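2 protein chains.
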Amino acid sequence: MHERIRHEGMLQKRMSAGEAAALIRPGMTVAMSGFTGAGYPKAVPEALAAQMEAAHAAGEDFKIKVLTGASTAPELDGVLARADGMELRLPYMSDPALRKRINDGELDYMDIHLSHVAQHTWFGFYGDVDVAVVEVVGILEDGRLIPSSSVGNNKTWLDMAGKVILEVNSRQPAAMEGMHDVYYGTALPPNRKPVPILTPSDRIGEPYLRVDPEKVVAVIETDAPDRLSGFSAPDEASKAIAGHLLEFLDHEIRRGRLTDRLLPLQSGVGNIANAVLAGLAEGGYKGLTAYTEVIQDGMLHLIKDGTIGFASATSFSLSEAGVEEFTENVDYYRERILLRTQEISNHPEVVRRLGCIALNGMIEADIYGNVNSTHVAGTSVMNGIGGSGDFARNGFLSVFMSPSVAKGGRISAIVPMASHVDHTEHDTMVLVTEQGIADLRGLAPKQRARTIIANCAHPSYRPALTDYFDRALRDSYGKHTPHLLGEALSWHERFVQTGDMRPAS
Amino acid sequence: MHERIRHEGMLQKRMSAGEAAALIRPGMTVAMSGFTGAGYPKAVPEALAAQMEAAHAAGEDFKIKVLTGASTAPELDGVLARADGMELRLPYMSDPALRKRINDGELDYMDIHLSHVAQHTWFGFYGDVDVAVVEVVGILEDGRLIPSSSVGNNKTWLDMAGKVILEVNSRQPAAMEGMHDVYYGTALPPNRKPVPILTPSDRIGEPYLRVDPEKVVAVIETDAPDRLSGFSAPDEASKAIAGHLLEFLDHEIRRGRLTDRLLPLQSGVGNIANAVLAGLAEGGYKGLTAYTEVIQDGMLHLIKDGTIGFASATSFSLSEAGVEEFTENVDYYRERILLRTQEISNHPEVVRRLGCIALNGMIEADIYGNVNSTHVAGTSVMNGIGGSGDFARNGFLSVFMSPSVAKGGRISAIVPMASHVDHTEHDTMVLVTEQGIADLRGLAPKQRARTIIANCAHPSYRPALTDYFDRALRDSYGKHTPHLLGEALSWHERFVQTGDMRPAS
Chain P
185 MHERIRHEGM
195 LQKRMSAGEA
205 AALIRPGMTV
215 AMSGFTGAGY
225 PKAVPEALAA
235 QMEAAHAAGE
245 DFKIKVLTGA
255 STAPELDGVL
265 ARADGMELRL
275 PYMSDPALRK
285 RINDGELDYM
295 DIHLSHVAQH
305 TWFGFYGDVD
315 VAVVEVVGIL
325 EDGRLIPSSS
335 VGNNKTWLDM
345 AGKVILEVNS
355 RQPAAMEGMH
365 DVYYGTALPP
375 NRKPVPILTP
385 SDRIGEPYLR
395 VDPEKVVAVI
405 ETDAPDRLSG
415 FSAPDEASKA
425 IAGHLLEFLD
435 HEIRRGRLTD
445 RLLPLQSGVG
455 NIANAVLAGL
465 AEGGYKGLTA
475 YTEVIQDGML
485 HLIKDGTIGF
495 ASATSFSLSE
505 AGVEEFTENV
515 DYYRERILLR
525 TQEISNHPEV
535 VRRLGCIALN
545 GMIEADIYGN
555 VNSTHVAGTS
565 VMNGIGGSGD
575 FARNGFLSVF
585 MSPSVAKGGR
595 ISAIVPMASH
605 VDHTEHDTMV
615 LVTEQGIADL
625 RGLAPKQRAR
635 TIIANCAHPS
645 YRPALTDYFD
655 RALRDSYGKH
665 TPHLLGEALS
675 WHERFVQTGD
685 MRPAS
Chain A
185 MHERIRHEGM
195 LQKRMSAGEA
205 AALIRPGMTV
215 AMSGFTGAGY
225 PKAVPEALAA
235 QMEAAHAAGE
245 DFKIKVLTGA
255 STAPELDGVL
265 ARADGMELRL
275 PYMSDPALRK
285 RINDGELDYM
295 DIHLSHVAQH
305 TWFGFYGDVD
315 VAVVEVVGIL
325 EDGRLIPSSS
335 VGNNKTWLDM
345 AGKVILEVNS
355 RQPAAMEGMH
365 DVYYGTALPP
375 NRKPVPILTP
385 SDRIGEPYLR
395 VDPEKVVAVI
405 ETDAPDRLSG
415 FSAPDEASKA
425 IAGHLLEFLD
435 HEIRRGRLTD
445 RLLPLQSGVG
455 NIANAVLAGL
465 AEGGYKGLTA
475 YTEVIQDGML
485 HLIKDGTIGF
495 ASATSFSLSE
505 AGVEEFTENV
515 DYYRERILLR
525 TQEISNHPEV
535 VRRLGCIALN
545 GMIEADIYGN
555 VNSTHVAGTS
565 VMNGIGGSGD
575 FARNGFLSVF
585 MSPSVAKGGR
595 ISAIVPMASH
605 VDHTEHDTMV
615 LVTEQGIADL
625 RGLAPKQRAR
635 TIIANCAHPS
645 YRPALTDYFD
655 RALRDSYGKH
665 TPHLLGEALS
675 WHERFVQTGD
685 MRPAS
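Sequences listed follow chains P and A, in order. All residue numbers for the first sequence refer to my numbering, where the first residue is 185 and numbers rise by one. All residue numbers for the second sequence refer to my numbering, where the first residue is 185 and numbers rise by one.
Treat each hint with caution, since some may be false.
Because identical chains share one entry, a pair is satisfied inside a single copy or across any pair of copies.
[What the hints assert, rightly or not] Straight line, CA to CA, 20 Å or less: simulated SDA-like cross-link-like pairs of lysine to any residue:
no.: 1; residue 1: K247; residue 2: K347
no.: 2; residue 1: K630; residue 2: D292
no.: 3; residue 1: K399; residue 2: L324
no.: 4; residue 1: K377; residue 2: G389
no.: 5; residue 1: K470; residue 2: P380
By construction, these hints were calculated from the structure, which means they are not laboratory data. The model shown is predicted, which means the values in this text are computed figures rather than measured ones.
Start from the sequences, fold in the hints, and give me the full structure.
Rendered as C-alpha cells:
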C-alpha cells in the first residue's frame with residue numbers, strides 16, 4: 185500500500201501538477217490551503233502559473249480568484265502574481281510580488297477578518313467555489329485526510345468546492361497525525377449552537393478532514409518543505425517593547441487583575457512577538473496557555489521549557505530546525521498543541537470567553553488610539569488585518585506594538601490622525617513602543633492623547649505632536665476629539681512627497 | 185404592606201431624594217440606571233445637581249464620574265451637565281446640554297461598545313464604583329428587585345457598587361414583573377461558560393435583580409414617567425431608505441441566503457428604523473424575531489400584529505401611548521418580550537450565533553465603506569457608537585443607513601474619507617441612502633468606491649466624488665485604496681469654515 189495515500193480510489197487519481205492545473209479554467213474561484221506560510225500547495229500553483237503565462241503569451245485571458253486561509257509563500261502568491269493570474273485575492277497576503285501588483289492597482293484584494301472568511305463563504309457572499317487545492321499529510325483508507333501544517337479554511341474549502349485537488353506532501357511530518365481538531369459542529373443561523381471550548385486544550389472535533397471522494401479530481405504527490413526561515417535575534421527596539429509589556433503584565437498581576445498564569449495569549453508574528461515570548465520565559469512564567477493563530481519556533485521553545493503548557497492555533501509555521509525539533513520530540517508536543525480551523529481559532533465567541541491577551545503589531549496609531557494595521561500612507565496595503573480584529577475586539581486586553589519610528593526616523597508610528605483605521609478607539613487598550621507604554625483603559629480622548637504622546641512617541645516627534653494637539657485644543661471645531669482637519673494628514677502627505685514625515689529643516 | 189416596597193428593612197431606608205443625594209460626594213464614581221431614555225433615576229440626579237450648584241456657588245468643587253447603561257434624559261444627563269457636575273461620563277449619551285459641554289471640551293466622555301461596559305467594570309478597568317443609583321419597579325419581600333423599563337448595566341452596578349440607592353417608581357407598570365431575564369451565569373475568564381441562548385426567546389436567567397440589602401443606603405419613592413415622545417411619521421427619505429432595504433431583503437430571500445422568517449433583527453432607533461419596521465409589516469412578513477437593544481412603539485405595533493413573534497431587548501422605550509397599549513395588553517406582550525442585561529443583549533457570542541441582521545444609522549461613510557457613527561467633522565461627538573459595533577461586527581448582515589445629504593444639502597453623507605472611523609471597511613456590508621443601496625459583500629476597495637458613489641451618493645455630490653476618485657486612481661501613492669491625502673478631508677474642512685461641504689460657486 186502507498187504509505188501516504190491509503191485510499192484506493194484516490195490513489196487512482198494521481199497525476200502530474202500540470203495535469204491537475206489544467207483543470208483550473210479562467211474566471212474560476214479557486215480556494216487554496218495555506219496560513220502564514222505553512223501548509224500551502226507546493227506544485228499546482230506553479231504549474232498553473234506556467235499555463236497562465238503560456239495563455240497570456242498566446243493573447244488569451246487567464247485569471248482566477250484566489251481564496252486562502254491567510255498568507256502563503258512565493259510558490260503560490262508569488263508565482264501567480266508574477267504570471268498576472270489573479271483578478272481577486274482574499275483574505276490576507278504578505279508576498280512582495282503580490283503586494284506590488286495590488287498597490288499598483290492591477291489586482292483586486294479583499295482584506296477580511298480571518299474569522300469571517302469561512303462563514304461568509306458558507307453564507308454565499310463570495311459566490312461559488314469552483315475548485316479547492318489543499319495540501320495534506322496523507323489520505324486514510326476511508327478517504328479522510330490528515331491535515332498538514334496549517335488547517336486554516338481547509339474544512340470549508342473541501343466542503344464548498346465543486347472539485348478538489350489534493351497535494352499529498354511527504355515532506356510534512358507524518359507525526360502530525362492526531363494533532364488537529366477539526367470541528368464539524370458549525371451550522372448556519374438560526375441553527376447554531378455554542379462552540380464548546382472552555383479552555384485552549386479542549387478538543388471538540390476530529391483529527392481528520394472529511395472530503396467526498398467523488399469530488400476529488402486529482403491527487404498530486406509533493407516533497408517540498410514549507411518555505412519558512414528561522415527568526416533573527418530580537419533587536420533592541422523589540423526587546424525594549426517586550427520589556428515594557430512584561431512590566432505592564434507584572435503590574436496587572438500585582439493589582440489583582442491577572443494571575444501569574446495570565447490568560448490565553450494571542451501573539452502575532454515577527455520580531456516583537458518573539459521578543460515578548462522570550463521575555464515571558466526569562467520572566468519565570470510557567471504553565472501559560474496560548475489561544476492563537478500561529479505557532480512558530482519561539483513558541484515551540486516555550487512549550488519545551490514549560491513556560492507555555494498548552495497552545496491552540498491554526499498554523500504550525502516552523503523553520504526547518506523547528507520541524508526537526510518537533511519531529512524528534514513529537515510525543516511531547518502532541519500532548520501540548522492543537523491545530524484548529526481558523527473560524528474556531530479566531531472565533532469571537534471563544535476569544536471573548538477565554539479572555540485572550542491580544543498582542544498585535546501595527547503600522548501606526550494616532551494620538552487618540554485609532555490603529556492602522558494595514559495601509560502605508562492610507563493607500564498602500566502592507567499585508568492585511570488578519571486576525572488582529574478578532575482578538576483585539578474580544579480579548580481581555582488588546583495591545584498594539586510598534587517601534588516608535590521606522591526608516592531611520594523618517595516615519596513616526598505615532599501620528600496626529602491615522603491615515604487608515606483598522607482598530608478604532610473603542611478597541612485599543614494598550615499601545616507600546618520602545619519609548620514606553622500607554623494604558624488607555626478608562627481614558628477619554630484628550631487624556632489618551634496626552635498619554636500616548638508622552639509615553640509612546642519618539643522624542644524627535646514628540647514636540648510636533650504636542651504642538652499639533654495644543655493647537656487642536658485651541659482651534660478644533662469640536663473639542664471632544666480635537667483635530668486640525670487641514671493638517672491632520674499632512675505628515676503622511678509630506679512622507680509621500682519627500683519620503684520623510686519630518687518638515688525640511 | 186407597602187405595595188411596591190415589600191422588604192421591611194428597605195422600607196425603613198426610605199428618605200428624600202435630597203437626603204439620598206447627599207450620600208454622593210465629590211470625586212465619586214456613580215453608576216446609574218438608564219438605557220435609551222428608559223428606566224433612569226428620576227429624583228436623585230436632580231437633587232444632586234442642586235447640591236452641586238450650591239457647592240459651586242460656595243466656591244467648592246463638586247464633580248463626579250457617571251456611568252450608565254446608555255443614554256438617559258434631561259432629568260439625569262441634562263441637569264448634571266447644566267450643574268457642571270460631571271468630570272467623566274460613559275458609555276453613551278444623547279442629551280443636548282451634555283453634548284454641548286463635551287464638545288466645548290469641558291468634560292471627558294468615553295464612548296464604549298455597549299457590550300464592553302459591564303465586563304470592563306468587572307475587570308477593574310474603570311476603578312471602583314462607589315454608589316449605584318438604580319430605578320426599579322418594586323422590591324420583593326426577600327429583597328430582590330423588580331427591574332424597570334430598562335435593565336442595561338443594572339445587574340453590574342448593583343453587584344459592584346459599595347453603596348446602593350434605589351428609586352422605586354410607582355409610575356412604571358407593575359405589569360412588567362416577570363418580563364426580565366437577568367443572567368447570573370457570567371464569570372471572569374478563565375471561568376467563563378457559553379451563554380446558553382440559542383434563539384431570541386430563550387430564557388436563561390431570573391426575572392429579578394439581586395442586591396445585598398446591607399448595601400442599600402437609601403430608598404426613594406418616585407412617580408414620574410420616562411420622558412419619551414412618540415415618533416413622528418417617517419419622512420420621504422426614511423421611507424425611500426426602508427424601501428431599498430426591503431427590496432434588498434426580498435432579493436436575499438430569492439437568492440436563498442435568507443428565508444422569509446429572515447434572521448433576528450437588530451434595529452437602531454429613530455425615523456429610519458421606524459420606517460423599516462413599518463415596511464416589514466406592509467411587506468407581509470410574519471413571525472419575525474428581534475434580538476436588539478430597544479423596543480419602541482413601532483416594534484410594539486409589529487408584535488401586536490404578528491409581524492414580530494418575539495423580541496429580546498434591554499430597554500423598553502415607550503411613549504405614554506405605548507405604555508398604555510402595553511399595560512392594556514400586558515398578558516399578550518409578556519409572552520413575546522424579554523428584557524435582558526446589556527452584556528447579554530449585545531453579546532458578540534450571541535449576536536454571531538443568532539446571525540442578527542444589524543440595521544444601524546450613520547453620520548457618514550466614505551467611498552471605501554468606512555463608517556463614521558459618532559463624530560461630526562471628525563471632532564464633535566454626536567451620541568456615541570452604542571451597540572452598533574457589537575452587532576455590525578458579529579451579525580449575519582451589517583447595514584448602515586442615512587439620508588444622502590443633511591442640512592438642506594450642505595452636508596453629504598458620502599465623503600471621500602470618513603473624518604472619524606467607528607466601523608471599518610472590514611465590518612460594513614451594505615450602505616443605504618434614499619438614493620439606493622450599495623451591496624459591498626465580496627467587493628474590493630475600488631469596486632466598493634464605484635458602487636457607493638453610483639448607488640448611494642446624492643446627485644449633487646456624485647460628480648465631485650467621481651472626480652476625487654478618478655484623480656486618486658491616477659495620483660494616489662498606493663492604488664489599493666486610492667486617496668489624495670491633501671484633499672481627503674477638505675470637504676469637512678470646508679464645512680467647518682463655511683457651514684457647507686460644497687465649494688463656493
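How the hints compare with the structure:
no.	hint	verdict
1	K247 <-> K347	within (18 Å within a copy, 67 Å between copies)
2	K630 <-> D292	between (38 Å within a copy, 8 Å between copies)
3	K399 <-> L324	within (16 Å within a copy, 64 Å between copies)
4	K377 <-> G389	both (14 Å within a copy, 18 Å between copies)
5	K470 <-> P380	neither (26 Å within a copy, 33 Å between copies)
In this structure, only the earlier hint numbered 5 is contradicted, and the remaining ones agree with it.
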